[in-house]
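In case you want the letters, here they are:
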Amino acid sequence: MSEAVDTPRAAVKGASDGKKAERRLAFWLCAPAALVMLAVTGYPIIYSIWLSLQRYDLRFPSQHEFVGLDNYITVLTNSYWWTAFGVTAFITIVSVVIELVLGMALALIMHRTLVARGLIRTVALIPYGIVTVVAAFSWRYAWDANTGYLSQLFDPDGAPLTQRASALTIIIAAEVWKTVPFMALLLMAGLALVPEDLLKAASMDGATAWQRFTKVMLPVMKPAILVALLFRTLDAFRVFDNIFVLTSGAQETGSVSMQTYNNLIKGLNLGIGSTMSVLIFLAVALIAFIFVKVFGAAAPGNSDNGRR
Amino acid sequence: MAEIVLDKVTKRYPDGALAVSEVDIRIADGEFVILVGPSGCGKSTTLNMIAGLEDITEGELRIDGERVNERAPKDRDIAMVFQSYALYPHMSVRENMAFPLRLAKVDKETVRQKVEEAARILDLTQHLDRKPGNLSGGQRQRVAMGRAIVRDPKAFLMDEPLSNLDAKLRVQMRTSVAKLQKRLGTTTVYVTHDQTEAMTLGDRVVVMRGGLVQQIGSPQSLYEQPANLFVAGFIGSPSMNFLPATLADGHLHTPLGDFPLTDRVRRLAETANAPRELIMGLRPEHFEDAGLLDDAEKARGGTFTASVDVLESMGSDKYAYFTVEGETATSAELEELAAESGSTEMTDNGSQVVTRLSAASGARIGSDLTVWFDPDKIHLFDPQDGRTLTYSS
Ligand SMILES: Nc1ncnc2c1ncn2[C@@H]1O[C@H](COP(=O)(O)OP(=O)(O)OP(=O)(O)O)[C@@H](O)[C@H]1O
Ligand SMILES: [Mg+2]
Numbered sequence: 001m002s003e004a005v006d007t008p009r010a011a012v013k014g015a016s017d018g019k020k021a022e023r024r025l026a027f028w029l030c031a032p033a034a035l036v037m038l039a040v041t042g043y044p045i046i047y048s049i050w051l052s053l054q055r056y057d058l059r060f061p062s063q064h065e066f067v068g069l070d071n072y073i074t075v076l077t078n079s080y081w082w083t084a085f086g087v088t089a090f091i092t093i094v095s096v097v098i099e100l101v102l103g104m105a106l107a108l109i110m111h112r113t114l115v116a117r118g119l120i121r122t123v124a125l126i127p128y129g130i131v132t133v134v135a136a137f138s139w140r141y142a143w144d145a146n147t148g149y150l151s152q153l154f155d156p157d158g159a160p161l162t163q164r165a166s167a168l169t170i171i172i173a174a175e176v177w178k179t180v181p182f183m184a185l186l187l188m189a190g191l192a193l194v195p196e197d198l199l200k201a202a203s204m205d206g207a208t209a210w211q212r213f214t215k216v217m218l219p220v221m222k223p224a225i226l227v228a229l230l231f232r233t234l235d236a237f238r239v240f241d242n243i244f245v246l247t248s249g250a251q252e253t254g255s256v257s258m259q260t261y262n263n264l265i266k267g268l269n270l271g272i273g274s275t276m277s278v279l280i281f282l283a284v285a286l287i288a289f290i291f292v293k294v295f296g297a298a299a300p301g302n303s304d305n306g307r308r
Numbered sequence: 001m002a003e004i005v006l007d008k009v010t011k012r013y014p015d016g017a018l019a020v021s022e023v024d025i026r027i028a029d030g031e032f033v034i035l036v037g038p039s040g041c042g043k044s045t046t047l048n049m050i051a052g053l054e055d056i057t058e059g060e061l062r063i064d065g066e067r068v069n070e071r072a073p074k075d076r077d078i079a080m081v082f083q084s085y086a087l088y089p090h091m092s093v094r095e096n097m098a099f100p101l102r103l104a105k106v107d108k109e110t111v112r113q114k115v116e117e118a119a120r121i122l123d124l125t126q127h128l129d130r131k132p133g134n135l136s137g138g139q140r141q142r143v144a145m146g147r148a149i150v151r152d153p154k155a156f157l158m159d160e161p162l163s164n165l166d167a168k169l170r171v172q173m174r175t176s177v178a179k180l181q182k183r184l185g186t187t188t189v190y191v192t193h194d195q196t197e198a199m200t201l202g203d204r205v206v207v208m209r210g211g212l213v214q215q216i217g218s219p220q221s222l223y224e225q226p227a228n229l230f231v232a233g234f235i236g237s238p239s240m241n242f243l244p245a246t247l248a249d250g251h252l253h254t255p256l257g258d259f260p261l262t263d264r265v266r267r268l269a270e271t272a273n274a275p276r277e278l279i280m281g282l283r284p285e286h287f288e289d290a291g292l293l294d295d296a297e298k299a300r301g302g303t304f305t306a307s308v309d310v311l312e313s314m315g316s317d318k319y320a321y322f323t324v325e326g327e328t329a330t331s332a333e334l335e336e337l338a339a340e341s342g343s344t345e346m347t348d349n350g351s352q353v354v355t356r357l358s359a360a361s362g363a364r365i366g367s368d369l370t371v372w373f374d375p376d377k378i379h380l381f382d383p384q385d386g387r388t389l390t391y392s393s
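Chain order of the listed sequences is Z and X.
For the first sequence, my numbering assigns the number 1 to the initial residue and increments by one for each residue that follows.
For the second sequence, my numbering assigns the number 1 to the initial residue and increments by one for each residue that follows.
Bound-form chain X, shown alone (with noise of 0.2 Å):
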């Protein structure tokens, strides 16, 4: 078990790509951190290099307050899953298992004992003599862990070990992977691009982009108090809502109608000096159906009335999609959160707005609904940076 600290680490790959610039990141002793972000924004290799299987070019990397930078990775007593599980396919799920602890020379009463503990903690024991093509994805996957588990490293880092399995599986693979770094208490690394597993698994979540941290908190703040748009838009499903604002004498101009900030909203914004247009950011779950709805609350929140283009009943509750007219918001965090999840519902006369109501609410495909929000829960950004107005962290 073992703290870990990346300090300043950048990573430059020989072609001259700067695959990760001074991240920052303190793992305490036990934690369990996810490393999250879309594709090629340096994920991996921050991971390699807390492995040693990618050489540091700046920075420096300590685990229990010792520099090992120059450790080769057999030194440095961690252990990883790797997506592929990389399973010995010569040797049986037993040998596979028991070959780290076979080059620690531990003495052959102490390995099969730890491998048939290993073996009946993930369920493997009636598999153990087998090969590893032989077996399912589950089931591999589960020797993987198994065999990182074994010798009782400081650390275990994990390289997007899920995502070769189906969706079914993929979710109780994710609970028992949870509970199993609860009860072995050992530092966990693990490495993902989908926020689900994100916020479902970690202790503490780092999002990062294009090679830069981008924040790195609970799963809650990163929820509530994104600190920037990327953030904002990558943490959540189905994402937040953005739209263009204008700011004036203390109002807000908006695709969803002009309404007066909230006092609270209006402070952090005044102590951030937030520019004339912003973009205005509202989660779907701070939306209701203002019918079913009180006056009093109500007059407490803005309202607008659209056409709902998709409903999608989930039984608790309904998502419902408008689209409102007017401009829609633009910035480059939000060119790449729509690439990378692949919408191109970037309509020419509006932007689309999920929310989520009430199962009670009577919307109907095709018909006008009248919505009120919550103005109290918007978040605002600049547009040129992406950086929040709202919420000082």
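Pulled out of the complex, with its shape left as it was, chain Z reads as follows (with noise of 0.2 Å):
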């Protein structure tokens, strides 16, 4: 070690051999499972890629070949396709946005009380606990036309889930209801990096409750309630099971998840629904990359270094 130190670069060779042994090591402790991972992620994603670029439709299996990128300029053309693009994007940033502000309302409640907090706790969570198509079921019996309790209060003549407006917003309900409990849990988590005195020393320098939540609670908080816009936002990017059984996609309230579906499964169509998977995936990305990039979300997991 005595002659590392006569240069920077050795100096930093020198110290580095022990690193090094180190990380070759965790690249052999996360090899197995970094294979895992690909064998089961990696290669229905690339899979799906190269079905994508073929004309590939089950009922006609003779008319099978490599096509390029036509089935995405089919699907990229296609009013259909722009609709369920539509209509997923309204229900995400809604139902998001919703979720956001209720989960802060019960993350708010669970911290600040006092008395039978684990009973409230548990409640609150109940929603998340019911399986998403169960959950969805009772939505739909609920506003059954006939002898749903809920159309019967609200829309006595009507029949709510055969209308476009209304049906989309029983499916933005039944997904904030599902998922403010989420929400709120990881919410929870951020409100408890607030330290206490930093409040107090709010209040002190004269800071009303409402400028104690929005200018030193919400930027304390802020890379938790990134983090769970994030994941919440990739969710319901890709929402499926309430629209299935809420109305099965009609009337215009198809997300491009059912759209997926249709041409996929139903359809037998791989090559355009292949396509389309590979757009979700695509926007899915895109997302996560301006959660991460612009609004300086750190990753799960990786703590922000500025504080402790």
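Computed cross-link-like contacts, BS3-like style, restricted to lysine-lysine with a CA-CA straight-line distance of at most 27 Å:
#1 X:131 to Z:215
#2 X:105 to Z:222
#3 Z:293 to Z:222
#4 X:105 to Z:215
#5 Z:215 to X:108
#6 X:114 to X:131
#7 X:154 to Z:215
#8 X:131 to Z:222
#9 X:298 to X:318
#10 X:114 to Z:215
#11 Z:293 to X:131
#12 X:154 to X:182
#13 X:108 to X:131
#14 X:8 to X:154
#15 X:114 to X:154
Hints were generated in silico from the structure; no laboratory data involved.
Once you've looked at the hints, go ahead and assemble the two chains, each given alone in its own frame, into the complex.
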């Protein structure tokens, strides 16, 4: 080590010897998991990209051929696709915004409450514990035109699930009802990061309750909020179960995932279906990229090194 | 600037814990008052009640003669410095200090001036655009002070503001806090559990124990005339020596030997109706190496001979520790003090006596030394309730 100090470069090299061995060990330890991941996620992705470049309709197997980007042109110039895309974006944005607001309110209540804390948390989490499809069916029965108690209450004469606007509202409500607890849980973890002293200091500095919330609490828990938003946006963009059960995509309420399902599974058109999958994959990747790069969301598990 | 009055202020937490009981303190305009006491004695609770962060269960808090019990913290115009500093991590130093002013809707130019002025006083000018996370402990502490002084509040409250600093920095910051307070002349209430800090900083010190005020007074008067065993043992370092004593015919029988009470002490003890069994207290500096004194002086006091257990030479003085045979003084206060200081030196066969001797003393570890003490300086306490019998305040 004595000669390792004469040039900075040598010092770095000398010091990193142990590190190198450590990194090699880390690599070997991760390798099995990485291989399994590649097999179960990498392979299907690559395979669907491959499929998306071919004309491949199981009803007409003889017409199977390589067509390059033709499928993408077909999908991207199709109005059904864009309607579905618009519906998906609408559901995503509206439901995530509502979830954020309600989730924050619920998190604050759960964080502040002094009595029956455990009970309140458990109760709040029940919707998240119910399988989505089951919950969706209960929503469907509640809004059934003839027998649903909610449709009797709000719209005794109509059939809410057969109108586009009301159907979308119900889909969003079902989504929100289901995932607010998850949002609240993530946000509550963020709330725990705001030191009590900071809020006390802010009230000594003259901040009202609202100013304490917007000027101290929100900025300090911003990383947690971004992570919660990222998770929820990615989830919401792939919305499927609720739509499938509630409307089956009728009255132009289908999401991109519904479209994909219709083409791939129902229509047996592997080429077009795969193209749609790949497009959803790209959209999701883009959303994640925007969150991480533009808003600076730390990848989960990556702590913000500006603070302790 | 303001006068703060606590009038029989009591705090009972929802879980039933009585944290502060009937505290009466009158803090004059511009005064620097220290709340000191062992952990859990209710110092922070008292401070938080003045701040408005905790509700007052009973009693009244008046600022400038006006009842403020019901006022929110932001309407009391008081600034607070927290032990954790509580700096906003997402704001730069400048924004941190400007925050109270921005909330008060002060115009931009004035904010800039005031922040820069405060930064200059606290020597933070070159750090204004950094984030608190990148500052050293001392710098963070100064930013917290800066945030308090920029808006020129009626009073400062500080809850152990220096306890996260290392020893050397703490002493430095102690002086600068004192200077700053004198310069601004703002009423200040300062909480600490460190008696040295309390003695060096404040105009007046409030000693608390178990939610009760034990004594209020200037550092010197607390030191010279402690109202009870607890204050006597808490104030001063090394602390006062306590020994059991029996009073009979104007003579005191102690493990240090028998000696007559001086006139002054006898008068006070008689007025206070002293019982037979007592606890005697004597501070380390009221001992001296008998070999260094002339006979006349020696005759004026008592002497005892014991072997030196530990000797600490401080250059200017020597601290010699002895163990004297006999019973040890016991009382609830003394046990609490021992628990607080974490001392487990409750030797089975005698009590420890700490003495401060001149540097010229020839004391050596392990060898016997004859030590003189001044009987006119003794304090006598009632072992039942701990009250002093030798000073009427
Ligand atoms: N939120 C609370 N609920 C119930 N009891 C409390 C609460 N806060 C403090 N106490 C109790 O009140 C008493 C005084 O607490 P306080 O925080 O004022 O002590 P302190 O003198 O500041 O101590 P330290 O030096 O350790 O900070 C303690 O016995 C404590 O257990
Ligand atoms: Mg405290």
